[in-house]
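Undergrad: With the sequences and hints as input, model every part of the structure.
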Amino acid sequence: MRHDHLITSKHLTREDVEAVLDRAAEIDADPDAVAGKHEGTILGLLFFEPSTRTKMSFETAMKRLGGDVVDMGSVESSSVKKGETLADTVRVIEGYADAIVVRHPSQGSAKMASEFVDVPLINAGDGAGHHPTQTLLDLYTIRENAGLDDLSIGIMGDLKYGRTVHSLAYALSNFDAHQHFVSPESLQLPREVVYDLHQEGASVREHESLEEVLDSLDVLYVTRIQRERFPDENEYQRIAGEYQIDLETLEGASDDLTVMHPLPRVDEIAPEIDDTDHAAYFEQAHNGVPVRMALLDRLLEGGVSR
Amino acid sequence: MRHDHLITSKHLTREDVEAVLDRAAEIDADPDAVAGKHEGTILGLLFFEPSTRTKMSFETAMKRLGGDVVDMGSVESSSVKKGETLADTVRVIEGYADAIVVRHPSQGSAKMASEFVDVPLINAGDGAGHHPTQTLLDLYTIRENAGLDDLSIGIMGDLKYGRTVHSLAYALSNFDAHQHFVSPESLQLPREVVYDLHQEGASVREHESLEEVLDSLDVLYVTRIQRERFPDENEYQRIAGEYQIDLETLEGASDDLTVMHPLPRVDEIAPEIDDTDHAAYFEQAHNGVPVRMALLDRLLEGGVSR
Amino acid sequence: MRHDHLITSKHLTREDVEAVLDRAAEIDADPDAVAGKHEGTILGLLFFEPSTRTKMSFETAMKRLGGDVVDMGSVESSSVKKGETLADTVRVIEGYADAIVVRHPSQGSAKMASEFVDVPLINAGDGAGHHPTQTLLDLYTIRENAGLDDLSIGIMGDLKYGRTVHSLAYALSNFDAHQHFVSPESLQLPREVVYDLHQEGASVREHESLEEVLDSLDVLYVTRIQRERFPDENEYQRIAGEYQIDLETLEGASDDLTVMHPLPRVDEIAPEIDDTDHAAYFEQAHNGVPVRMALLDRLLEGGVSR
Numbered sequence: 038m039r040h041d042h043l044i045t046s047k048h049l050t051r052e053d054v055e056a057v058l059d060r061a062a063e064i065d066a067d068p069d070a071v072a073g074k075h076e077g078t079i080l081g082l083l084f085f086e087p088s089t090r091t092k093m094s095f096e097t098a099m100k101r102l103g104g105d106v107v108d109m110g111s112v113e114s115s116s117v118k119k120g121e122t123l124a125d126t127v128r129v130i131e132g133y134a135d136a137i138v139v140r141h142p143s144q145g146s147a148k149m150a151s152e153f154v155d156v157p158l159i160n161a162g163d164g165a166g167h168h169p170t171q172t173l174l175d176l177y178t179i180r181e182n183a184g185l186d187d188l189s190i191g192i193m194g195d196l197k198y199g200r201t202v203h204s205l206a207y208a209l210s211n212f213d214a215h216q217h218f219v220s221p222e223s224l225q226l227p228r229e230v231v232y233d234l235h236q237e238g239a240s241v242r243e244h245e246s247l248e249e250v251l252d253s254l255d256v257l258y259v260t261r262i263q264r265e266r267f268p269d270e271n272e273y274q275r276i277a278g279e280y281q282i283d284l285e286t287l288e289g290a291s292d293d294l295t296v297m298h299p300l301p302r303v304d305e306i307a308p309e310i311d312d313t314d315h316a317a318y319f320e321q322a323h324n325g326v327p328v329r330m331a332l333l334d335r336l337l338e339g340g341v342s343r
Numbered sequence: 038m039r040h041d042h043l044i045t046s047k048h049l050t051r052e053d054v055e056a057v058l059d060r061a062a063e064i065d066a067d068p069d070a071v072a073g074k075h076e077g078t079i080l081g082l083l084f085f086e087p088s089t090r091t092k093m094s095f096e097t098a099m100k101r102l103g104g105d106v107v108d109m110g111s112v113e114s115s116s117v118k119k120g121e122t123l124a125d126t127v128r129v130i131e132g133y134a135d136a137i138v139v140r141h142p143s144q145g146s147a148k149m150a151s152e153f154v155d156v157p158l159i160n161a162g163d164g165a166g167h168h169p170t171q172t173l174l175d176l177y178t179i180r181e182n183a184g185l186d187d188l189s190i191g192i193m194g195d196l197k198y199g200r201t202v203h204s205l206a207y208a209l210s211n212f213d214a215h216q217h218f219v220s221p222e223s224l225q226l227p228r229e230v231v232y233d234l235h236q237e238g239a240s241v242r243e244h245e246s247l248e249e250v251l252d253s254l255d256v257l258y259v260t261r262i263q264r265e266r267f268p269d270e271n272e273y274q275r276i277a278g279e280y281q282i283d284l285e286t287l288e289g290a291s292d293d294l295t296v297m298h299p300l301p302r303v304d305e306i307a308p309e310i311d312d313t314d315h316a317a318y319f320e321q322a323h324n325g326v327p328v329r330m331a332l333l334d335r336l337l338e339g340g341v342s343r
Numbered sequence: 038m039r040h041d042h043l044i045t046s047k048h049l050t051r052e053d054v055e056a057v058l059d060r061a062a063e064i065d066a067d068p069d070a071v072a073g074k075h076e077g078t079i080l081g082l083l084f085f086e087p088s089t090r091t092k093m094s095f096e097t098a099m100k101r102l103g104g105d106v107v108d109m110g111s112v113e114s115s116s117v118k119k120g121e122t123l124a125d126t127v128r129v130i131e132g133y134a135d136a137i138v139v140r141h142p143s144q145g146s147a148k149m150a151s152e153f154v155d156v157p158l159i160n161a162g163d164g165a166g167h168h169p170t171q172t173l174l175d176l177y178t179i180r181e182n183a184g185l186d187d188l189s190i191g192i193m194g195d196l197k198y199g200r201t202v203h204s205l206a207y208a209l210s211n212f213d214a215h216q217h218f219v220s221p222e223s224l225q226l227p228r229e230v231v232y233d234l235h236q237e238g239a240s241v242r243e244h245e246s247l248e249e250v251l252d253s254l255d256v257l258y259v260t261r262i263q264r265e266r267f268p269d270e271n272e273y274q275r276i277a278g279e280y281q282i283d284l285e286t287l288e289g290a291s292d293d294l295t296v297m298h299p300l301p302r303v304d305e306i307a308p309e310i311d312d313t314d315h316a317a318y319f320e321q322a323h324n325g326v327p328v329r330m331a332l333l334d335r336l337l338e339g340g341v342s343r
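Protein chains in written order, with the numbering used here: chain A, 38 to 343; chain B, 38 to 343; chain C, 38 to 343.
Fair warning: there could be bad hints in the mix.
Stated by the list, open to error - Interface residues of chain C toward chain B, partial, derived using beta-carbon atoms under 10 Å:
id, residue
1, D67
2, A70
3, V71
4, A72
5, K74
6, I79
7, D105
8, V107
9, T122
10, E131
11, G132
Just so you know, these hints were derived from the structure itself, not from any lab. As the structure is a prediction and not an experimental result, all values here were calculated from the model. Ideal Cβ placement from N, Cα and C applies to all residues, glycine included.
TA: Right, here's the structure in full:
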């Protein structure tokens, strides 16, 4: 097994992360310098679950580097529905592609798949598991807007089921960050995640209300509270409403507060915030391109040890 | 808001149209001259409704110019089904693409979307609204086959619901064209369209039978009468049958008559016409490529004021 | 009609086949020599049925040659569901693409389609008909692993319905091959295929058990026995089980035995065989790329007469 896959952000060192972010910043500043660099390279896209942003972002990144993609398409149009195993699928695709991106609903699937191939494989989300490139672009956006040193970040919404949130929290534990988790009690961070974060020496506090910490925050990372989590619609409406933000909510915030969201949003952030200097969520989505360009560039050169 | 979107053909001036058609003719005559011209450029495709011709034609046009595309894919496989607004979707995609093509079922959607982005946005059909690139390729095909000066054109079929037909009629009102509308009474051109055309000074006449005008026509533009418009199947069969053409129908036509159709056709034009010199509908579909190349070339250079 | 389509492998001469395989071997040995050779060329993909391997393999092949593809997408998202005929669809697409690949569920469809277009058209499977590029990559894999001279090949599984098997058998009749067909009686090769093979002078024998011939084989080509063929689940389990192979099955085989499978597999070949030197099925899938590169290269140069 090669060591240039990217499966999880959990064990990425601070140096690993900073190397990718530095490269992304270079690319962002001068994309022409790498345009065409990986001409002739083909990236295989295996998305076993729907995705807009992640898939288009990887595709854009590879094409901005001069390469191209081959896409398995939807599961319905593929051999998967004939009962092919993931191990077989990736072994077939590695004959077509120089690197592979996999999104799959099963936790651990990307790790397993990576053991069957000799080309770099990137996990683009494995169910409740990891989604390391989302974490990298989140970190990049934080660094560009607020810096990763002496950071005070609020992470709000569904903290129980959110893969994105867990990955980000683990990654931030490598940095000098004060993490404030804001959620209804029923959607708190899982106890084992809190435990792990404490083990890593992270500064972690939990809150039920944003008000308690808003004024101290450099960054507010909002995630969606999903209707499906609540058996009772009224209960959902009541709780979700408390974790939505608008201009009024942000009155107590620092002028420099950066608001992030992994998107898609539904009602969590009022559109009136879009035009303020707080809003960084579209920039955050756009940052997926330079970050994934940086990552692909390194993996294709055999550079990331992971 | 930028002024290099293309949302409607209704306000395109004769000069705007002729500039695109002239450029398309240049490209058609010497495609190699622009091959690779827009290398590194990425066009975002957002099709919220199925499309074969329009989507593949834009994709081909961009690739023939040396660029590439990123495609959102079907609505089912995208974030849209998670409740994301069109305004959010296009703002995310503009981080990936240098220009955006949108097809959406809601009238006015492309216009609205264009107000949220800083890259050129092209309307590829907004429900009952507009589809300006179809109009441009129709005009190009007419000009190549019959010329746009002193033109006598019959437009036949479903004139009530046909977005294509309305756009074409508005665009032709800028030229010296005699427009003959041929349809069953129940599928006549909407009164407000007739009114608008008269206001524009267009020469417009309406007919229930093709025979009345066939011998005077330079171009016959056939559109499909859709079964869904008729509650009664027999009524549909009877009426649709009167607006289908075959070799016998065309006996009274000029030898130079050009027959067009936006495709797909079902029974409106008998296959026996395909091999005659009248048939221009496949050429018409093919013309989508040089016309869209011309348009993309101009928009990417910031050239079309619209 | 042009003569540079590829519709069937049935009438490919030994010289035709060897010319493609030789070119594929050259490309396989030095892919860089053709990278970018067909820059600016666009291949149209029309898949009216799901496919992973074939479609991605064609796409990869075209891109490795420096070209690009435009893909009609799924039937659900295309004009086909509006009732467009295949003849119309291909005539539209030939305006976009320099060559066309068609997969369609109806036998004879590719042949019919080829009569309407002036660009090379490749049959990528027409129902129970042909799939010549699968045959070419199968022959390439056999030649690379065991050679095509004095070959002893076992072809096992569903021989009644398998398009892949029939095409391969016809193609092998041009070579000095001893063909052993191994299947349950109910899934034997159709009598007319056996008759044709005898007419071609092929060496053909039929067996109900692999044991009868295993030790004499250079190549064992395994295909899937589909559950749908059996009204009774128990009967299926019993029979399918007899035509699955694992390490124990292969104890009586030559050390040099090459095991092939067109994939996807379900239970026909135990995963424990994957790591043995017998396994050539992933290599076989990968061979689709150089073989299709060779074929596209020749067709685009106007070279294959068929």
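Undergrad: Each hint: holds or not?
TA: How the hints compare with the structure:
This hint is violated: D67 (chain C) has a C-beta 25 Å from the nearest C-beta of chain B, more than the 10 Å allowed. Violation of the interface hint for A70 (chain C) is found here, the shortest Cβ-Cβ separation to chain B being roughly 21 Å, above the 10 Å cut-off. Because the closest C-beta pair between V71 (chain C) and chain B is about 19 Å apart, greater than 10 Å, the hint is violated. Against a cut-off of 10 Å between C-beta atoms, the interface hint on A72 (chain C) is violated, since the closest Cβ of chain B lies about 16 Å away.
Checking K74 (chain C) against chain B: minimum C-beta separation of about 15 Å lies over 10 Å; hint violated. Look at I79 (chain C): its Cβ gets to within about 6 Å of chain B, closer than 10 Å, so that hint holds up. Nearest Cβ of chain B to the Cβ of D105 (chain C): about 5 Å, under the 10 Å cut. The hint holds. Hint status for V107 (chain C) relative to chain B: holds, with the closest Cβ pair at about 5 Å, below 10 Å.
Interface hint status for T122 (chain C): upheld, as the beta-carbon distance to the closest one in chain B is roughly 8 Å, under 10 Å. Hint status for E131 (chain C): holds, given a least beta-carbon distance of 8 Å to chain B, under 10 Å. Annotation: G132 (chain C) was flagged as interfacial toward chain B, and the flag holds, the nearest CB pair being 3 Å apart, inside 10 Å.
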